[in-house]
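*Asks:* Here is what each chain is made of, one letter per residue.
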Amino acid sequence: MTPEEKPVRKDHIDELFTRLDELQKSANVNAVFGQPVQVGEKTIVPIASVAYGFGLGFGEQEKEASEVNVGGGGGAGAIAKPLGLVEITPESTRVETVVDEQRVIRAGMLLGAWSIFWIANALIRILGRSHRDACCAKCE
Amino acid sequence: MPLIQRRIVQGEPIRVGQREIIPEAQVTSWLQRRATIGTHSSSGWGLGMVSIRPQALVERGPMGTRRIPIRDETMRMLAGLAAGAVFVWFLAEVAVRLATNRGE
Chain A
1 MTPEEKPVRK DHIDELFTRL DELQKSANVN AVFGQPVQVG EKTIVPIASV AYGFGLGFGE
61 QEKEASEVNV GGGGGAGAIA KPLGLVEITP ESTRVETVVD EQRVIRAGML LGAWSIFWIA
121 NALIRILGRS HRDACCAKCE
Chain B
1 MPLIQRRIVQ GEPIRVGQRE IIPEAQVTSW LQRRATIGTH SSSGWGLGMV SIRPQALVER
61 GPMGTRRIPI RDETMRMLAG LAAGAVFVWF LAEVAVRLAT NRGE
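Just so you know, the protein sequences line up as chains A and B, in that order. Numbering follows the working numbering, in which position 118 of the first sequence is assigned residue number 118; successive positions increment by one, without gaps. Numbering follows the working numbering, in which position 76 of the second sequence is assigned residue number 76; successive positions increment by one, without gaps.
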């Protein structure tokens, strides 16, 4: 590697780190509070929660003095979930939240199955032990 | 630089009559990055995650300033169900222990 190439490599790394910082700092209020909508005297603002993840990477290798292999890539994913809406009237401001009923019902069903499992498990252990004890008493 | 950063950000105020409503959100972010510079090769990578959650509305008006919190009701319900699951397991274990100790 020639001494002139070192700053170029450092530039690539600086650029990568700058991009990552930009992605991290790009998060702002506008992502979760929507544009206000005027409905008669009311102003409605939709609200949501947002999460996203990202990954970036690059690599370069000098094969010969004149040839350098360079590669890189990145990926990202995001999820947004509605939380409700803000209702602003000339008199008051109210937050109306929404419940994800399907998610709560699924979790409730899971809790039901979990409860049945642990109650059955407890009964088997209690009754199994008392049956064993009775059996041992007979043998003695 | 801390591994997990948490900050509160405020948005543009919404003006309705004499009142001003300022949206407020909590931004939680995590960033991990690394670079290696060798004699004949160099590489770098970075991973990050950002979560933005509406936190509250700050209402300013002639009556003063008040803060209206924004709660995630779904998460509260799921947390309640999770607590219920732990409680069921705990009750079952206590029942087994009590029954076992009484038998001895």
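Any given hint could be a false lead.
Covered stretches of chain B (chain A as the covering partner; in silico rule of three or more C-beta atoms under 8 Å from a C-beta of chain A) [stated by the list, open to error]:
1. 13-24
2. 29-42
3. 47-59
4. 70-79
5. 92-102
No wet-lab data here; the hints were simulated from the structure. Ideal placement from N, C-alpha and C gives every residue a C-beta, glycine not left out.
*Asks:* All the hints need checking, so say for each whether the structure fits it.
*Replies:* Structure-based check of each hint:
| no. | hint | verdict |
| --- | --- | --- |
| 1 | 13-24 | holds (count 7) |
| 2 | 29-42 | holds (count 9) |
| 3 | 47-59 | holds (count 10) |
| 4 | 70-79 | holds (count 7) |
| 5 | 92-102 | holds (count 6) |
Violated hints for the displayed structure: none, as all numbered hints are satisfied.
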